[in-house]
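Colleague: Residue numbers (the working numbering), protein chains in the order written: chain A, 1 to 365; chain B, 366 to 707; chain C, 708 to 1017.
Careful: at least some of the hints might be erroneous.
[Claimed, not checked] Computed beta-carbon distance windows for the label pairs:
{"id": "1", "chain 1": "C", "residue 1": "766", "chain 2": "B", "residue 2": "407", "range": "54 to 62 Å"}
{"id": "2", "chain 1": "B", "residue 1": "549", "chain 2": "C", "residue 2": "770", "range": "21 to 29 Å"}
{"id": "3", "chain 1": "B", "residue 1": "544", "chain 2": "A", "residue 2": "189", "range": "48 to 56 Å"}
To be clear, the hints were calculated from the coordinates, so they are not data collected in a lab. Ideal Cβ placement from N, Cα and C applies to all residues, glycine included.
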Amino acid sequence: MEKILQVKDLNISFHTFSGEVKAIRGISFDLLKGETLAIVGESGSGKSVTTKSIMRLLPEHNSEIKSGEILFEGKDLTKLTDKQMQKIRGKDISMIFQDPMTSLNPTMKIGNQIMEPLIKHQNMSKHTAKERAVELLKLVGIPKPEIRVNQYPHQFSGGMRQRVVIAIALACNPKVLIADEPTTALDVTIQAQILELMKDLQKKIDTSIIFITHDLGVVANVADRVAVMYGGKIVEVGTADEIFYNPQHPYTWGLISSMPDMETDDEELYSIPGTPPDLLDPPKGDAFAPRNPYVLKIDLEQEPPFFKVSDTHYAATWLLHPDAPKVEPPEAVKRRQSQYVGLAGVASGAAKLEKSQTPGMKEGK
Amino acid sequence: MNDKEIIIKKDMFAPAHIDPSKSEKISKPSLNFWQDSWLRVRKNKGAVISLIILGILIIMAFVGPMISPYTYDNQNTKHNNLPPRIQGLENVHWLPFDGTLKRRDGTEYNAYEVRKVDAYYWFGTDNLGRDLFTRTWKGTQVSLFIAFMAALVDMLIGVSYGAVSGYLGGRTDSVMQRIIEVIVGIPNLIIVVLMILILKPGIIPIIIALTITGWTSMARVVRAQVLKYKGQEFVLAAKTLGASDSSIIFKHMIPNMFGIIIINTMFSIPSAIFFEAFLSFIGLGLQEPNASLGTLVNDGFKSMIAFPYQMIIPSIMIALIMICFNLVADGLRDALDPKMRD
Amino acid sequence: MAKYLLKRVIYMIFTLFLVASITFFLMKLIPGSPFNSFEKLSDVQRNILFNKYGLNDPLPVQYLNYMKNLVMGDLGVSFQFNNTPVTELIGNRIGPSAILGLQAMIFGSIFGIFLGTIAALKQNTWIDYTSTFIAVVGKSVPSFIFAGLLQYYIAVKLGWLPVMFWRGPEYTILPTIALSMFPISIAARFMRTEMIDVLGSDYITLAKAKGASRFQISVKHALRNALIPVVTVLGPLAVSLMTGSLVIEQIFGIPGLGEQFVKSINMNDYPVIMGTTILFAVLFVVIILIVDILYGVIDPRIRISGGKTK
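Model the full assembly from the supplied sequences, consistent with the hints where possible.
Modeller: So this is what it looks like as structure tokens:
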């Protein structure tokens, strides 16, 4: 499948009063045409910073892209000027934010806010743009769009506002849509509606979506592929099935285990102890080591490289090294892995065997 | 990332032992409220410099009259209207301390030589021959005294009124608030002027006039805070432990409000200095021979063209004091306002 | 809305009534009596004068008479100017004060808004520091100090502008500058805070994400939102102009209300003092009311609320 966006070895730091915070420490991933890639992680893992950096929306005065490339349509977005980025934002790459209550300009009519990118990027006349705005409102499921288009944000509910935000983002049929926790601030029922809407629109407009969330339930609903982030790095990436049914990184194990499901019995609900690392002074080895129940001595010395589990599945954990001891993942994970065996007919152990022939493949160095 | 390859040895794959308590460790040193605020005030260079300047001015206000050979009210009409002259600086002609004046036609002359005056007056003399150096510092003393007293009284009245109003709530609160609204609805200026007219100018009357209406902003702010705290659990906790109303207000709530109280008080000081100067300008200030910065500017204003230094020196003093107080108050507000934590 | 307005107007009248009464009684408390500044009067002559002006009547009677006249728009006659009605005296003087006040207000707000906006847009650069410094100086240094310094350096030493009096447009420049320093500083500080606040909001980031240019974001999105609360600042602005005018008019010899007020204070001319005081109070209260109403009208969140169903 064609790659529409490529992030290569991105390193981003913030310069604060206390020093340099290395927020993103070398991540690489691709976005394929037409797919939905979910980026999962805790607060502080770097998910938002990554996507904001794609749009070059990070505050200029204290953030710095130290190295890396973001390739889109043959251009490196990190090297473009702000003026050049303005042509891409809202037109080829769009973004939806988390809080619909504050994302819209309170003193500007909804219609005008939707018309803005249309007029700017597609040179529409005000009249045409307004018509299109009404169409878009209809598309995202807002009743009586001809009346609504002249109203102000405070006259809409949270779910409706988010629909408007989606309408704005999709106005120019962008190739990439970045959704930064779009449903976190909404009720569960509204959440479901918005997700359905997004999936529907994706088919209609054929856009590729990067979906940021910390909610694995949402991931299961929308994602084709999943990237798990921790401490400013990607620790595991694979298809949704692979991540849910055959996770390999202890952090992913932690995430999966802390999510109760239909099979959860009287087990104690698992939670990952401790707090995320201080990126002012990133740890030497694996950032997850202090909280990792399966930590090995080498985790404290050296960062693990990516180990291949399948063509589409990679995990950065020393546990996949041929010399590593075999460990038992938590109950919840084991249960799922047994389901996976049923799915793909591959024993989890086999993944490691395949590995032992080819020594540590380094990706994202 | 460095490319150096650490040789991976088999024994590195043994499980490591992590001390679980380490992962809960908080890495930044913990500071109490005052240390934290002081750190942030220090970062504000404007506020720090202002604080230093203010310190110097206050010290000089006391030291100045002492080191001067003249008193503030001693008149020597033969020595009137002399420009500033400082020993040692009198030959530095680009500084204004060389004892020269300009005539109408622009020529300079040394007033001391022309009038055969031997003495040195560091800031010059006024039209009655009184030494301006002493008078300026005396005036600074008076202005600062009035301002501090007014600010103090404002604070005491404002805090008590606001705390009681907010704490008692209900109808008492409503009534008290209406009263404030009426007071605020009447232009401050008018009340101040009228009070002075009645009480006749003097240090105490001026202080009274300034404080009659100045406490309202503090009262409002304190009331808002008290209302906020009233609903919080530490108050409830204190109550269940049997604390009385007054001890809840004074021992629990008010210490939490020190920041806001200090900020408000700091801001009311320049406001008081302003009003006092203003009163002097419309003829309602202190009477002769008493001096405040306001009266000095007013007097100096009358001879502005011929003897500009008489107006400029006290003007600069007022300007400097007020700018510094404002900068310090700004800095304090930025430092003590918890919403601005980085 | 109408109910609210009615309540406010009633409140306003009540306040004015209070002001008039308080002023009246305070006036009576002032030691010394009018006519002291006239040539020596014999007691008989003084008594005749007092009778003429009703000053020998019992206090409550004087009060009622005064209030009655007030309601009918009669502010009495001036003591010092031989029976000139106070209303006429005041009327002649409103002109210069109004011109000065309006000029200072307009110039002050516009320049202040401009300063505050660029300070926010170029935060933490020298532009920011300079405009913040100007704002601090404007706020701290009393307007009459500015007036004095401006007069000395620009009018006397450099001779670019006239020193005093009110004989033409160029005469208004220095007073306007002096009077507007405070409004400039208030407007600048305010705009800066509001702009910075607005610039940090989500919808600004969204506007950026739509591809809007810097200019569009600053002006179309941020400025409009930041400007709305400016109306709340007009209150203190107007007050500062009133107090400032008292002294500025004296310093520059401008024949306005302020100068009149000061003169009448020094002469114990009760009716004029009262009249001017009440006028000031009226202005003050009316401005506050206008500001409150304006705010409700300009902010669409307040304007379009309640009644409409979603």
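Colleague: So which hints don't hold here, by number, going up?
Modeller: Violated hints: none; all satisfied.
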